[in-house]
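Read top to bottom, the protein sequences are chains A and B. Here the first sequence stands for residues 1 to 432, numbered as in the working numbering. Here the second sequence stands for residues 1001 to 1564, numbered as in the working numbering.
Don't read these hints as lab results, they were simulated from the structure. Keep in mind the model is a prediction, meaning the values are calculated, not measured.
Below, computed lysine-lysine pairings styled on DSS-like, alpha-carbon distance capped at 30 Å:
{"id": "1", "chain 1": "B", "residue 1": "Lys1475", "chain 2": "A", "residue 2": "Lys397"}
{"id": "2", "chain 1": "A", "residue 1": "Lys382", "chain 2": "A", "residue 2": "Lys398"}
{"id": "3", "chain 1": "A", "residue 1": "Lys382", "chain 2": "B", "residue 2": "Lys1475"}
Here's the letter readout for the chains.
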Amino acid sequence: MSYDEVAADPLSNPVGGPDPDDNIIHLFWLQGMGCDGCTTALLAANRPSLEEMVLGTVPRIPRIILHHPMLDDDSGPDFMSAYRQAVEGTLGAPYVVVLEGSIPDDQSFPGEGYFAALGVAADAPQGMRATGRPDQPLRVSDWAWAMARRAEACFSIGTCATWGGIPAAAGNITGSMGFMDYLGREYRSARGLPVVNVPGCAPIGDNFTETLMQVLLYFDGAVKLPEFDELGRPEWMFAETVHRHCMKAGYYEEGVFAHEPGDNECLVEIGCWGPVVQCNITERGAINHTGGCMIAGGACIGCTMPGFPDKYSPFYKAPPGSAVSGTVSRIYGGGIRRLRRLSMTAGNHTPIWDRADHIPSAWGIAAGQKTPAQKVNAYFYKKLQYKGTVNHSARNKKQPQPGSRDILKQKGVDMSASVPVLGERVVTREEL
Amino acid sequence: MHAVSQQGAGQLRRIDFDPVARVAGGLALRTVVDTERFEVVEASMLATMYRGYEVLLRGRDPRDAVFVSSRACGVCGGAHAWTSALACEMAYGSAPPAMGIVARNWLSALEDLCDLPHHLFQRAGPDFSEPLVRQTSPELWARAQQTPAANVATHGYGLVSEIMTAMTPFRGGLYRRALELTRVAKEAYGLVGGKHPHPQTTTPAGVSALIDPSDRNLTLLRIDKFLDYSREVAAVWDDLADFFLTADPRYADVGAGPKNFFDFGRWDDPFAYDATFENAPVWGERRWSTPGVIVDGRLRTTNLHQIDGGVEEFVDRSFYEDWSADGGVYATDPAGNNVSARHPWNKETLPQPGGPNLNGQYSWSTAPRWDRLAMETGAGARMWITAMARKQPHSRFVESTGHSLVMHMPQAALPEATLEWLVPERWNAFERNRARAYSLVHSTLVAYENVLIGYDLARIGGPDARTFTEYEIPKGGVVGVGYWGGPRGAISHHMEIDNRVIRNYQILAGSTFNASPMDPFGTPGPCEAAVMGTPLLSTRQPERYLDAMRAVRSFDPCMSCATH
Ligand code: SF4
Ligand code: SF4
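Same shape as in the complex, but just chain A:
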């Protein structure tokens, strides 16, 4: 193919100034069981920045009409009306949903009450639960499943929304879970996508805005479907361990380790989980290629991982296996790889998935179960990790499974057919 041919194809070159047709897409932000840290990260994003996306200056992607409770002009019903229209299919434009924070198990409450609320029953769209008095708050969990159905794509931002995070840790009373768990493995967006996951506690802002941009470029036809891994993470950001690009990796290789916080060497002995954690902060920095956990001197606690926090607890304690892998790091043996694969597999499972022996991700083949050998190894591994401290693995076994997992099935929402967007049929879920 010659350059002329490439350039003549209107879809081949994503560089070319703002969209001349002023296409728009609505972005609905839902705040579940979170801390607003993902919003803080969103405001910090610079490549692209929120303001560029809202003003519509990012090449080839539609201008974003933002509905965000922390940034919107209007409150109350004026704020909620667009949410209602989205659910009712009368918005008149496509939309995406971004969930910040996990989904609590409040759908299981028999009567009134909520752990996270948004709007009141008087704002409820048709087809959505509106029990109780008109001034009773609606639950974020009501909106989450109702909005997901017609969304072009659903995004989870941050570790709470992706995997459950701290609100879902051992001892929680809210039954919190990630967006994927809640919607269930069958979920597909109107464009056929399972939930897109951008983890991190808090995530790097640019990781999120760039993923959003990439998906919108895909909708535009400018790029092929972005590479997501088997858990729906953007693979180009999360395939590598954070250790591989760590600026202290040279110390690690030489077997020179920090003995206490403030030392300059590799932090593995003061609790760094970097070798088994998938995160790009050592590459991208915390913001604008500045900062970053180990770069500043803080050990990695695995905040991007499905197993966070319990599988990395207690913090500031050397991970099991670090003694082995650390001291013999120069002789890079198969044993270390095996150990790492083991803790990486464990870290890529939330306690909810462990209990269910099922991963609610539709992105890949890895959604399978653990082999018996993995289970035996995991047993000894946990013994080491929790020696002399609280055994979260045992606690998590007793933690009740949230009742509203797989909500779409419970609500009888059929995910096997396509959903018309703007009256016109897009790619069917089957075709995808």
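Since chain A is already given, all that's left is putting chain B with the ligands on it; use the hints.
Relative to the frame of chain A, chain B with the ligands by itself:
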């Protein structure tokens, strides 16, 4: 229309806002408005989200406390992380070395630089922007177009209307500049903090960071940008507040509240802080922001034992069961001062979800009170107490005069200057925002000063230049408490450890005080009280209810913090 129901046939009308936009976290506001006098007569604030951090922390290894509790808030995660680290190091009996304390100070001041501009321009700011002012008060807009801005030399806007235009969401220059400058602050924070908003280098007894010359230089150079920027921000809010208060004196009643202020203070003197409970009154008074309680405008105490000792938490209007019936575990604090059964040392968190009922339980926030009085905390309280107390340690840049804070600005792009924040005569939404703008100047200077002290410590070397002290977690039962301040005011974490497992963990945050519901004595929370009595002055689109929103937002409520 916003009316959900009509109350009675008269002029009283129920108006609800679920949710209130442009605040942090989930907040709903329910009001009753007098539609003849255009005034809010009743107001209830509903914290609508609860994750249960206190419950989650119970039964964990205390080594998890810092990083888990940090996630209570993603706006001031650092403040929670440091408060937790303070509680841990008190329990372990290990104080950080001087450099560790100083680095914490500058990170904490930088956290304000990361956040206060977001409040002033992303959250509260749009209420004063051209689109909203034009739509709701055309005559004010016309006046603004005729009114020269007094501080044009500092911020560059010739007319008040130009300031308002620049505050327009996403398009306005001031709106965008706040986004850009907070990114600069977040870079500075990342250098030693690792990442924002949840810093990764926080640890009990110090910071987990090797601070090399580049870290100091690159931090200082970024703070340098705020020497100019913070002055512009203060100049902008001076002009805005003066414009509104002059245009219509009734604006002084928007968000008006009593002068009851509460703060634990923050920014420790590296040579006074020893992490003991016994000496808290001593090291507390050596903080750059002075701990204290002001009642009716009079300074009652600056003693941390008395400040903390007077706190009680009520849950009568909140979604919790009361735990205090059979008295508390502790009759006294660790120094032997009496504490109530409702004090955080004795509190047990017993969540009980339900539908809100304005005559019963309606919020996920508890109602903390001091001496049974509702207390306001935040940037204004911090400035006010520090200004009145005249206790802060020596500073190259800030003076506490007893009625004002005098801030000497070193030269950056703007020439040297002296700014003064005067304790206001009346306290309302405009003064709250003005105080917050000046507190950005204050925090900039504290960050600057502490980095300079960092240079001094590095030059002198020795043990003071270290960032971390070793500690051991004792066996058996120990307790610790951290007192700090976030951008929105007082934060405390009370922790009880038993055999290296957390037995009780209690969090109070600035917004728990400010956004609290009514207490059993019938006193509404400070923000509720400020909305009640607020006149609705918009001449157009009264249903937008702008002045009530201005009143709420002037507290910069952060509901994730409030409920945790
Ligand atoms: S173990 Fe941690 S500190 Fe050490 S090289 Fe790996 S990621 Fe970096
Ligand atoms: S390095 Fe570890 S702790 Fe830091 S952001 Fe990445 S996963 Fe989280």
